[in-house]
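2 protein chains.
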Amino acid sequence: MVSTAVLVAVGDELLSGIRREGNCARLARALHDAGWRVLRVEIVPDDLPCIVEALTRWVGKTDLLVLSGGLGPTHDDKTRYAIAEYLGCGLAVDDALYERELSRYRGASLEKPIERSRSTQGLIPVDSLGLYNPAGSALGIYFERLGTKVWSFPGVPFEFAAMAAQEIFPLLSKTTRTWRSVGIVGVPESLAAQRVADVIADERLRISILPSFGLVEFVIRGEQALVESAVRVTRERFKDDVLPEGCATLPEAVLVTGREKGLTLSCAESCTGGLVGAALTGVPGSSAVFMGSAVTYSDEAKKKLLGVKQALLDEHGAVSGPCAESMARGVLALYETSFSVAITGIAGPDGGSTEKPAGTVWFAVAWWNGDEMKSYSFVRRFEGERDLVRERAVRVALITVWRRMRERL
Amino acid sequence: MVSTAVLVAVGDELLSGIRREGNCARLARALHDAGWRVLRVEIVPDDLPCIVEALTRWVGKTDLLVLSGGLGPTHDDKTRYAIAEYLGCGLAVDDALYERELSRYRGASLEKPIERSRSTQGLIPVDSLGLYNPAGSALGIYFERLGTKVWSFPGVPFEFAAMAAQEIFPLLSKTTRTWRSVGIVGVPESLAAQRVADVIADERLRISILPSFGLVEFVIRGEQALVESAVRVTRERFKDDVLPEGCATLPEAVLVTGREKGLTLSCAESCTGGLVGAALTGVPGSSAVFMGSAVTYSDEAKKKLLGVKQALLDEHGAVSGPCAESMARGVLALYETSFSVAITGIAGPDGGSTEKPAGTVWFAVAWWNGDEMKSYSFVRRFEGERDLVRERAVRVALITVWRRMRERL
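Protein chains in written order, with our numbering: chain U, 59 to 467; chain W, 59 to 467.
Treat the hints with care, as some may be off.
Which copy is meant is left open, because identical chains are indistinguishable; a pair holds if it fits in one copy or across any two.
List time: in silico BS3-like cross-link candidates among lysine-lysine, alpha-carbon distance up to 25 Å [said to hold, decoys possible]:
#1 170 <-> 297
#2 207 <-> 119
#3 362 <-> 432
#4 319 <-> 297
#5 170 <-> 319
#6 367 <-> 432
#7 297 <-> 361
Read the hints as simulated data drawn from the structure, not as lab findings.
Bound conformation, chain U alone (with noise of 0.2 Å):
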């Protein structure tokens, strides 16, 4: 049987969209990747009755229920209140438990602020135990009730990590249910899942199909032996398309091809301001492809590092073909890579012209032919907002070094 969990978020800073929320959608990975089912991710407000409304909805009716955030010792922290109204029962300190955390904090310049806190983040509700908290001053909460455990942790989110770690990933032991991902570039969405249609069509499998821009990714979920089978059958079917296998993400796929190659890489980004490398980077082991970045968003930083030259940028400007493609030839030698791609555009909203509106990028990709350098050019434009263009400029240029890695011998 699987085991079901359901996550809340409190917090306005969420529900208003200052915040983006992080723990929930991390811890749910977590869960999912050891067979576990989440019934529901919620967002609730600072606001006592909607916390104990959220409780009421959901203890009894799943195994876990973790509640990130109202812990802290400010006024708008009021989750171990709502507990305390839904148990039905008073609120102490956990003076021993306090004094645990506090001996990290002696002689530091927290202590007293900690020892202040004491009476609102040290209170912990009668009927529930207080949780020891390794990375904040915080007590967690935990209590379990018609069968439900509840855990409650600080929103911080290192804090929430830390937490969850201590306390729920004991939890999850492995199961015979497993997931695979498969990522095709370029099949428009329909396509795709026609092609898979048999596969889709078994139902001891759940499968999702997740179109994102310029790519969909497939879901796999059932028994390891299922799943393993329709892993092959999708990959044989979109042999061109299909990313490496374990790749779920396009920086995956870059670093995996170039490894098995012996190819190396370097950027020269202008628009995307260091997003290409930091996609690159976020994958562990990727110095063994990656090379670096010349992040060159002024015309003196691309004259200068990258040697294009200023009659270029007077004849065609720095958004142009010929820039990008003297971008990705500097920084091919600077680097001494085997590959290079440059990113040149006009994220916006200021900035474009009629002839070149925002979100014009251009992209060229360098490489040598024995000693000689080659490179090519193109252009896409972008609609949306600057940081929608951002993206799909990167993807675009992670899209096009992956494809051209490929087809080298």
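Mind docking chain W on chain U? Use the hints.
Positioned in the frame of chain U, the structure of chain W alone reads:
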């Protein structure tokens, strides 16, 4: 009266943490900025009864209910059937509307697959209204019941954004309620709250206190005049540690302070792989201050681009104060900026040693004192996983740069 909204994201991939919810978070921000109150954000699975339950739970209890996802052409797209079940009606293809979608793809490679998806993507519950999708081919759905306006948009982020802009944004009239954010650097949360206890106690304001690594953010909501006065008081109490007016983030603070003082900045990034540059260039207009980064992930690149000496690397290693200072000085000269910051460390999980465990990161700042180049370096040890170490290193680099820039007369 404040208008209310509930946002529901549909998708197994969100519940499993394979994808991070963003549509509802972004819409929540837009609603919040327009003075609305978002009551809940909920993530529900690709499961018909669960979607019906969410409709039943919220229709009649909020002014606006927006669903994201589940409108595509594949088997896991269930939202249109859930709406039909909730409304107790059948479904029919909206041919006229679908033709309008199709006309955008005439002659393109996508025309055929989209034509074939007519019987799914074009299907609309007969008691509701089909909505034109300006960014994709899956139709949106609208209905109103029990005083709640219900919108259902496709979950692909740019399609959701385009449909929200088309359907929801016209509803968001400006109100006299507003919110402002004040960022405080390097003051513990409880101390910060204590210093403005009187402001927090004002019941006409709604204040959230958001601690994150090195930064505490106060979000102050209420009637405009009250908010302005609370912001003024708060800023005065934190004189030296408050981010510049109008800045909610460190990149904004660095760019605003740099622009005010006529300073320029460059970065040399190793373990952060481009994240500092990406953070800075995420702010429009950043090119006035930020000239670029040298992302030197390999020793070779550090030597070649930044002039780090082999002897220095042999003696101290790449993760060391001398290497960080040499990188900062190298990039200061390379980009000819008034300031530079360098980051070199071990993000982990591999690559650490007893002496330099994973999470060890060296920072250096370099600047000009007349014609003389100055620099200093310091080390921090971060706990946590690769992404967290990188994120904190970016935070420390930006705080350091901002503080140095502020001190500069």
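### Task
Check each numbered hint against the structure and report the violated ones by number, ascending.
Violated: hints 5, 7.
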